[in-house]
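Each protein sequence line maps, in turn, to chains E and F.
Numbering of the first sequence is given in my numbering, commencing with residue 1 and proceeding in unit increments.
Numbering of the second sequence is given in my numbering, commencing with residue 156 and proceeding in unit increments.
Don't read these hints as lab results, they were simulated from the structure.
Built from N, CA and C at the ideal position, the CB exists for glycine as well.
The reader is advised that the hints may include incorrect statements.
[Said to hold, decoys possible] Quick list of simulated restraints, FRET-style, between CB atoms:
| id | chain 1 | residue 1 | chain 2 | residue 2 | range |
| --- | --- | --- | --- | --- | --- |
| 1 | F | Asn238 | E | Arg30 | 24 to 30 Å |
| 2 | E | Met1 | F | Leu244 | 26 to 32 Å |
| 3 | E | Gln34 | F | Asp188 | 52 to 58 Å |
| 4 | E | Leu55 | F | Lys214 | 39 to 45 Å |
| 5 | E | Leu68 | F | Lys214 | 55 to 61 Å |
| 6 | F | Gln313 | E | Arg23 | 35 to 41 Å |
| 7 | F | Asp184 | E | His57 | 51 to 57 Å |
| 8 | F | Pro220 | E | Val66 | 24 to 30 Å |
| 9 | E | His57 | F | Leu244 | 54 to 60 Å |
| 10 | F | Met218 | E | Gly70 | 55 to 61 Å |
| 11 | E | Glu26 | F | Met218 | 18 to 24 Å |
| 12 | E | Ser13 | F | Gln313 | 26 to 32 Å |
| 13 | F | Thr226 | E | Leu55 | 52 to 58 Å |
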Amino acid sequence: MSFENKIRQAYDSVHAPDTLTERLREELQRDLRQDADAVGGIVTEAPKRDIVRTLLHGGAFVAATVILCGGFGFALWSMRDKTVVFHPGSNVSAPADEQVVMPEMAGLSRQTAQQTLEALGLAVEFSGDGSTVARSEPPAGARVTKGSTVRLVME
Amino acid sequence: MLSASETDIPLGIQKKTIRMTGVSFAALDKYKDLVYRTALTVTGCHEDAEDITQEVFFKYFRMDPEFEDETHEKAWLLRVTINAGRNLLRSAWFRKRSDADITLFPAAEDAPGDSAVLKAVLGLPEKYRTAIYLHYYEGYSAAEIGELTGRSAAAVGQHLSRGREKLRKILGGDGA
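I would like the entire structure built from these sequences, with the hints used as guidance.
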C-alpha cells in the first residue's frame, strides 16, 4: 500500500464525534439566539433612546423659553413699577414716542449728516442742491420724536 | 443622533438573525470532519481537537465571514483551526499538562479506534504531522501549505520529506 493511501485510510476513519456535533449545534443555536435577542434589544431600544433625547432637548428648549420670558416679563414689570413710582399718571406707552435732541448739523457733509440723523432714528429730507448743511428744521437743540422726518437745508 | 458605528452593528447582526431563524448549520455538517481532523493533527489529542472544533465553529458562525468560493472558505477554516491548535500547544496550561501527563503516558489519550498509522502521524512533531496531513490527505501543495501555516514553501518541503522519513522508519519501510 502506498504511503499516501495509508495516510488516507488512517484519516478517513477519523470523524468529529456525533456527541460533539450535537452539542455544537445546540450551543451555536443558543448563542445565535442570544445574539438575535440582543439585536432585538438594540433595535427596539434605539428609537426609545431617541425619544428620550428629543424630550430632553425639548425640555431644555422649553426651560430656556420660560427663563427668557420670565426675565423679560420681570424687566417689564420692574420698569412699569418705576414708571408708576416716578411719573405717576404719565402715559405708560411713552417709550414708543421717545424723543431725541436735534444735533447741530450746520457745516456737515450731506452723507455725514444723513448717517448721524439716521443713527438717531430720524428720517432725513434734503432741500437744496449744496454739499454741506446750512441749517436744520427743526433747529439744533429742539426735541424731535424718533421716527419723524427732519429737513436739512443745503448750501 | 445615532453614530455610524451604532447603526452598523444591528445591520451586521441582522444577517445572523435571518440565518438563525431560517438557514441551518450546513457548514457545520460540511466541514466538521475537516476541522476535527485538522485540529486532531495539530494538537495530537482527541479531547483538544473537540475543544478546537467548537472554538472554530463558534468563530465561523459569529464572524460570518464572506468567501469568494469554497476554496477560500476551506482555507479560512484550516487557517483558523491551525492557529487555534497552535495557540493551545503554546499555552502555558498545555505545556504544563503535557509535561505531567502526555510525556509520562503518551498513549493514554489516544482513542482505542485509532489506527497504527494515525498514531504514528500524531506522534510526529507538530510541523511535520500538519504538513503530512495537509499534503497527503487534503492534497495541498507545499507552497499552499506554507501559506496556510505561515511558513515558506521550502520549509514545508523539508518538513514533508523529514516527516515521511520518520514515518517510514516507524511503519516499517514499504512506504513508497
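Problem - List of violated hint numbers, smallest to largest - result: Numbers 3 and 8 - these are the hints that the structure violates, sorted from lowest upward.
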